[in-house]
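Asks: In the order they appear, the protein sequences are chains A and B.
Everything in the first sequence is counted per my numbering, starting at 588 for the first residue and increasing by one.
Everything in the second sequence is counted per my numbering, starting at 588 for the first residue and increasing by one.
Quick caveat, the hints were computed from the structure, so don't treat them as lab data.
Glycine included, C-beta positions come from ideal geometry on N, C-alpha and C.
One or more of the hints may lead you astray.
Some but not every residue of chain B turned toward chain A, in silico, with C-beta under 8 Å [to be verified]:
| id | residue |
| --- | --- |
| 1 | Ser652 |
| 2 | Val736 |
| 3 | Pro738 |
| 4 | Val739 |
| 5 | Tyr752 |
2 protein chains.
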Amino acid sequence: MENAVSFSGSSALITGGLGFIGSNLAIRLAENGASVTVVDSLIPEYGGLLKNIAPVADKVRVNISDVRDVFSLAYLVRGHDFLFNLAGQTSHLDSMLNPFTDLEINCRAQLALLETCRKENPQIKIVFASTRQIYGKPAYLPVDEKHLVRPVDVNGVNKMAGESYHILYNNVYNLRACALRLTNTYGPRMRIKDARQTFVGIWIRHALESRPFEVWGGNQLRDFNFVDDVVDALLQAALAPHSSGKIYNLGSSEVISLKELAEVILKICPGASYAVRPFPAERKSIDIGDYYSDYALAGKELNWNPRVNLASGLAKTVDYFRARLQDYV
Amino acid sequence: MENAVSFSGSSALITGGLGFIGSNLAIRLAENGASVTVVDSLIPEYGGLLKNIAPVADKVRVNISDVRDVFSLAYLVRGHDFLFNLAGQTSHLDSMLNPFTDLEINCRAQLALLETCRKENPQIKIVFASTRQIYGKPAYLPVDEKHLVRPVDVNGVNKMAGESYHILYNNVYNLRACALRLTNTYGPRMRIKDARQTFVGIWIRHALESRPFEVWGGNQLRDFNFVDDVVDALLQAALAPHSSGKIYNLGSSEVISLKELAEVILKICPGASYAVRPFPAERKSIDIGDYYSDYALAGKELNWNPRVNLASGLAKTVDYFRARLQDYV
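Go ahead and model the full structure; you've got the sequences and the hints to work with.
Replies: As structure tokens, then:
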């Protein structure tokens, strides 16, 4: 990213900073001379792993605490220029089984963190990782930011509320906060142990273990972002002064069906195979059919466009996990 | 309402049932032969008053408990045909001062109540009282249900989440739930002690006490519903089988500026007067400018149209409070 140099000498706090996207962001920031603190709860079912930040372990300050812990956050937010607010419960199915846990993390803790920033560090610029999940089943494609939000699971409702608090605190209290609605993100350091973060994770695990992975349905269209592109977007959103109060879709013009995606993985992974299965009943009620984004607004206002195509991003991802499968399974 | 007879012999639970709209609904249902249980916390800053249900005190079962009290609700939801879910924190300003209280009531307790219904009474039909507040500052007028929700205060975010949980539980768990987005509602039994529920309340109190009331700004356009019309809508939404999973705006075609509304009150109340004041600073950031609804969908699908015009509704309201001012101030 052209702007990476701008972070040299700055100080950034990353919630969920040992997780998939957070750790990739921490590495990029640290390598570009930023002072980085990562906060992570290391809850085993979530995405955080200490090994994720191995390349910058000596440069990054690690603080193990949960975003629900308002006391630790009140101390930790002080003195930073940027807050990348990435901590979250990401499993849609878990949000239905434990709706109050999801509410505490994705809704209440977000409100608490904003109250904390308002009191302890009103100068901080906040970038919130929201999700395309809050759109629910698209009424039209590609989905732009004018599309109604109609979440189809508890996770979606709580992420929607968490995002809204950010925009609200920007508008009412002159905090500077913006939100990126991420689409399916994949890449090194994603959770591959199970499908809690993304189904692509479990596919790649199975492919590397030469076990068939399951494709549910298969004809659904999706767009995917390689994590480096998402890191670009987070950084550009943090720097763009006019991003405050705004919501931006991320996305990709490379729209692909799940079956086609499976075929791409087959080409990269010798020994991989898959089986197409009907959608499981408990998932069907929260499925959204086809989804892909219109991300023209991020293109225009953040000067952001994804640069890594799916074949090359997936190849990098598979290479990463092939070399350290035991750390992730 | 033509359908009132349909409630004879049915059983209804009303959360917030001693409050403004809840008590008017309880009276209507009881008078039409329904078995009615009202649940209310009687928190002094909210709208509940035992005297509100005086006309049907011997017919209605009163249970004092808070919607945050999941244990009492687990018992209370059993055996009813209808749940009118009206309990809420309504003050926008209080929601900014005590955001977590608002979250607990308007967001978390709603999720808990739906979980409770799912387990204890999955047959119940739920009508949720949502609010036009969640639209925020209108992008166009009149505002229909296709308008984006962009709440401008913590109350709006939490009501938005509360509403979404209802639609979600309808869609995922086959609970039957719908939501009405109420606009400014006024009438007998509203809170007039202060502006926590509606500014019309404090205006009428001052008018009856021959003290000038304050009109902030004055040119903002609004629509208003008399409470009897809102009770009609709640009942019709409860009965309409195709309402489940739907969201309906309420509203009025009688669009009026606040200054014009003040003039109507002056005509009804001899001795009333008002002063126009600039918008207070702490309110300005959460003001939404002009608002009025497109309620054609409720007209079409619920066969609902407001029937009481503003002059006659306000006259009834003033008569009500004139006769029992001491009970309400």
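Asks: Does each hint fit the structure? Answer for all of them.
Replies: Status of each hint after checking the structure:
1. Ser652: 19 Å, violated
2. Val736: This interface hint holds because 7 Å falls under the 8 Å limit.
3. Pro738: 6 Å, holds
4. Val739: 7 Å, holds
5. Tyr752: 6 Å, holds
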